[in-house]
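**Q** Here is how the chains run, residue by residue.
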Amino acid sequence: MTTAGPAAGHRADLEARVDALLAAHDPATTERQAFLDARYDAGLAWVHVPEGHGGLGLPRALQPVVDDRLGAAGAPDNDPRRNGIGLGMAAPTILAFGTPAQQERLLRPLWTGREIWCQLFSEPGAGSDLAAVATRAIPDGDRWRVTGQKVWTSSAHLADRALLLARTDPDAPKHRGLTYFALDMRQPGVEVRPLRQLTGEAEFNEVFLTDAVVDDADRLGDVGAGWQVANATLMSERVAIGSGAAREAGMLGVVADAWRTAPSGHRTADAHQRLLRLWVESEALRTTGMRLAQKLAAGAPGPEGSAMKLGFARLAQQLSSLEVELRGDDGLRYDDWTLRRPDQVDMTGRDTGYRYLRAKGNSIEGGTSEVLRNIIAERVLGLPSEHRVDKDVAWKDLPR
Amino acid sequence: MSATTGAGADLVLLPDDVEEDLRASLDRALAARCTPARVAAAYDGDESLAGELWTALVDLGLPALLVPEEHGGAGAGAREAAAVLDVLARHAAPVPYLSSAVVAATTLTALGAGGLLGDLAAGGTAALLVPATLHRADDVVPLVRHDDGTVSGSVRSVTGVAGGVPAGVLLVPVAGPDGADGADGADGAALVAVRPGDPGVDVAPVVSLDMTAPLADVRLDRAPATELPGDARAAVSAGLAAGAALGASALAGTATWALTTTVAYLQQRRQFGRVVGGYQALKHRLADLYAEVEQATATARYAAAALAADDPDLAVATAVAQSWCSEVAVHATEEAVQLHGGLGMTWEHPCHLHLKRARAGALVLGSPAAHRDDLATLVDLPPPHPDQGGSPSWT
Ligand SMILES: Cc1cc2nc3c(=O)[nH]c(=O)nc-3n(C[C@H](O)[C@H](O)[C@H](O)COP(=O)(O)OP(=O)(O)OC[C@H]3O[C@@H](n4cnc5c(N)ncnc54)[C@H](O)[C@@H]3O)c2cc1C
Numbered sequence: 000m001t002t003a004g005p006a007a008g009h010r011a012d013l014e015a016r017v018d019a020l021l022a023a024h025d026p027a028t029t030e031r032q033a034f035l036d037a038r039y040d041a042g043l044a045w046v047h048v049p050e051g052h053g054g055l056g057l058p059r060a061l062q063p064v065v066d067d068r069l070g071a072a073g074a075p076d077n078d079p080r081r082n083g084i085g086l087g088m089a090a091p092t093i094l095a096f097g098t099p100a101q102q103e104r105l106l107r108p109l110w111t112g113r114e115i116w117c118q119l120f121s122e123p124g125a126g127s128d129l130a131a132v133a134t135r136a137i138p139d140g141d142r143w144r145v146t147g148q149k150v151w152t153s154s155a156h157l158a159d160r161a162l163l164l165a166r167t168d169p170d171a172p173k174h175r176g177l178t179y180f181a182l183d184m185r186q187p188g189v190e191v192r193p194l195r196q197l198t199g200e201a202e203f204n205e206v207f208l209t210d211a212v213v214d215d216a217d218r219l220g221d222v223g224a225g226w227q228v229a230n231a232t233l234m235s236e237r238v239a240i241g242s243g244a245a246r247e248a249g250m251l252g253v254v255a256d257a258w259r260t261a262p263s264g265h266r267t268a269d270a271h272q273r274l275l276r277l278w279v280e281s282e283a284l285r286t287t288g289m290r291l292a293q294k295l296a297a298g299a300p301g302p303e304g305s306a307m308k309l310g311f312a313r314l315a316q317q318l319s320s321l322e323v324e325l326r327g328d329d330g331l332r333y334d335d336w337t338l339r340r341p342d343q344v345d346m347t348g349r350d351t352g353y354r355y356l357r358a359k360g361n362s363i364e365g366g367t368s369e370v371l372r373n374i375i376a377e378r379v380l381g382l383p384s385e386h387r388v389d390k391d392v393a394w395k396d397l398p399r
Numbered sequence: 000m001s002a003t004t005g006a007g008a009d010l011v012l013l014p015d016d017v018e019e020d021l022r023a024s025l026d027r028a029l030a031a032r033c034t035p036a037r038v039a040a041a042y043d044g045d046e047s048l049a050g051e052l053w054t055a056l057v058d059l060g061l062p063a064l065l066v067p068e069e070h071g072g073a074g075a076g077a078r079e080a081a082a083v084l085d086v087l088a089r090h091a092a093p094v095p096y097l098s099s100a101v102v103a104a105t106t107l108t109a110l111g112a113g114g115l116l117g118d119l120a121a122g123g124t125a126a127l128l129v130p131a132t133l134h135r136a137d138d139v140v141p142l143v144r145h146d147d148g149t150v151s152g153s154v155r156s157v158t159g160v161a162g163g164v165p166a167g168v169l170l171v172p173v174a175g176p177d178g179a180d181g182a183d184g185a186d187g188a189a190l191v192a193v194r195p196g197d198p199g200v201d202v203a204p205v206v207s208l209d210m211t212a213p214l215a216d217v218r219l220d221r222a223p224a225t226e227l228p229g230d231a232r233a234a235v236s237a238g239l240a241a242g243a244a245l246g247a248s249a250l251a252g253t254a255t256w257a258l259t260t261t262v263a264y265l266q267q268r269r270q271f272g273r274v275v276g277g278y279q280a281l282k283h284r285l286a287d288l289y290a291e292v293e294q295a296t297a298t299a300r301y302a303a304a305a306l307a308a309d310d311p312d313l314a315v316a317t318a319v320a321q322s323w324c325s326e327v328a329v330h331a332t333e334e335a336v337q338l339h340g341g342l343g344m345t346w347e348h349p350c351h352l353h354l355k356r357a358r359a360g361a362l363v364l365g366s367p368a369a370h371r372d373d374l375a376t377l378v379d380l381p382p383p384h385p386d387q388g389g390s391p392s393w394t
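Those protein sequence lines, which keep their order, are chains P and X.
Counting from 1, position 310 in the first sequence corresponds to residue 309 in numbering that gives the first Met the number 0; the numbering is continuous, with no gaps.
Counting from 1, position 255 in the second sequence corresponds to residue 254 in numbering that gives the first Met the number 0; the numbering is continuous, with no gaps.
Simulated from the structure, these hints should not be mistaken for laboratory data.
Since this is a predicted model, take the numbers as computed values, not measurements.
A hint or two may mislead.
[Claimed, not checked] Just so you have them, the derived chain P footprint on chain X, three or more residues with Cβ under 8 Å:
| # | region |
| --- | --- |
| 1 | 204-212 |
| 2 | 277-291 |
| 3 | 340-351 |
| 4 | 369-382 |
We put the beta carbon where it would ideally sit given N, CA and C, even for glycine.
This is chain P alone, in the form it adopts within the complex:
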């Protein structure tokens, strides 16, 4: 039985559009970047985005129609894992807060992978308490001059642009003196230093901003409205980190395989029960992700995404820990401690020990599990917030 109505109509229309794209740009003979540009211009990059910005204003759920058909035809994709922050966080933020001119300028190079993005939020003194950032942006004609230190910046060493949260009014209470910018990373005032991570590699960085310049035209949202913009980015980030995929995709698949191939001595009754519990939990999370995606199709992400990310981190950590035990003496070995600066996090391509260690970051990056619990308790469940001493005091007068 096929679904009648508008969805079916969209599907047929989309398939026709894909076929037209493929007919005009044969993937076998078209250069990769040129194909991606053409796909963007055809509105088939992300179908839920408005026309003119690589989309068609259609429901997000229809994207697989395009992806599957293009995949089957051997077309290149835009290597989404290379630009996770750009696609998962910068794009929704620019779509929600950018001016038409900004959307025109920023979205195309973002989606086609010409520009890689990073997120300059956290600072040594402002992690969970993100609204405490001290990096200053000072007006200078029609530009801003930015000075400060950011930390834990994933992919800064690869990035062309950054989502920047900076303080523009130290006299206002901390949530009200912030402004949000799209910063050009390829300029003299930006210094990126590798920061090694417990896995051995330098996946994130310290970023020193010294009189870096950003045009006022690259400001996202109003002066002083940076906190609201940042919150939208964070919601998107949590959804991006938490959203699940197919059954036994990702970490569960790896661990299920470890069980299926483990020597019988490692297949203890204890490990078996743990594995089955985690299998059930993965499925619970997968179906929650499906529901969330369907809700999202109707509107912007809300705090519900926090629950998804919380569950995802817990599961990834328990699964990777179980895998260490299932591998027996292989669990005592590691593939490579060499200091490297990877292009992307590769959870399934590396070994057991790497997965175990890297998964520890899942409950820290993009908001810690503790902070997410507070958000769920206060914003979803409506429980009273903790006593706050920092809300109505000018940022410059806060104790540090």
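Guided by the hints, dock chain X with the ligand onto chain P, whose structure is given.
**A** Just chain X with the ligand now, with coordinates in the frame of chain P:
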């Protein structure tokens, strides 16, 4: 023997003055040298710290603790060795104390191998050639012994063999000469001593999850071997039992480090204008962790005391301590990483050194599940047998 109430009730779990002095002097010796940056250097191939630390341990007489006095040792007890392991763990010290001064020394003592014990007491090192995850002599797969006195075979992931202080002697469990019966048992099983530098001995270091306890794969190809007379199976059993009983103290030390370091950090880290440790959600978690770590310390001390007294409850004590301390060490170090936030994910902060020690240490000398399996037998709680007993009746 079945479990008895009040087992080991007379075992003392508090340290005496001698032990306190020992802890303090070792702590001083380590604090000066064993910095996190130098420990981490082992992950980049610089293992020079281990040699320096081992010399310091030898100066304090610590490798001799479990060696009997008649062989030049200190003839001290398991309790002191446990204290050493605990303090070494708190500094993530990359020395083969557990594998050499405990497992190998106990094995050699059970055999009465005087000469080799004298070497150990003087600061030499030895290692039992079995997989690092093994904790039962029954599970040893002996290597092949040839009629000409050489041995062949290979063992994966052995600890104490490679690293900054590699073993001077390998103690190798072997079967009878080319399958023939020997004098020491029906199958001629024995322990032989092999020198790592000899021809036919290939020690290949592997990249280890915990580089403070580096592993190696060892291949012997007609390597010259000297037979060590005595009951090999009983000796290996004693060595592994001592290792498991005392290894729990290392895990407890790791857990203690994680707890105290995290509490100290959360007492000074401020977010939202407050000291983060003041949030009740974190206070309660740390209080729970404190309870876990206290219990880990108690089980580890109980196992060490049971070993020292040769108490009949030793096997139960070891199964309890190993399974509990392994899980608490992993939990405590995972909490340390989490509660240090981004800092805990960095190479600079020592959290990761202890996380790796805990995760690997939980598998060394038997996983928690393996020790719970032992416990099931010891206290007569047999596992369910799906093929037994028929289906329940509904009538
Ligand atoms: C792998 C990785 C990648 C990252 N990538 C980026 C990036 O690309 N860009 C970027 O800007 N940032 C990035 N971060 C930073 C990340 O967002 C922060 O580390 C995180 O928000 C926590 O801040 P913090 O490290 O300062 O920890 P802190 O805020 O100091 O927290 C310390 C501990 O206290 C807890 N805590 C704090 N406040 C409360 C409270 N009110 N109630 C209960 N518990 C509390 C925290 O949960 C944590 O466990 C990354 C981090 C990691 C680990």
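**Q** Work down the list of hints and note, for each, if the structure agrees.
**A** Quick rundown of the hints versus the structure:
With 6 residues having a Cβ less than 8 Å from any Cβ of chain P, the region 204-212 of chain X passes the three-residue criterion, so the hint holds. Only residues whose C-beta sits within less than 8 Å of a C-beta in chain P count toward coverage, and the region 277-291 of chain X has 3 of them, enough to reach three; the restraint holds. Interface restraint, the region 340-351 of chain X with chain P: holds (9 residues with C-beta to C-beta distance below 8 Å; minimum three). Coverage of the region 369-382 of chain X by chain P holds [criterion: at least 3 residues with CB-CB distance below 8 Å; count 4].
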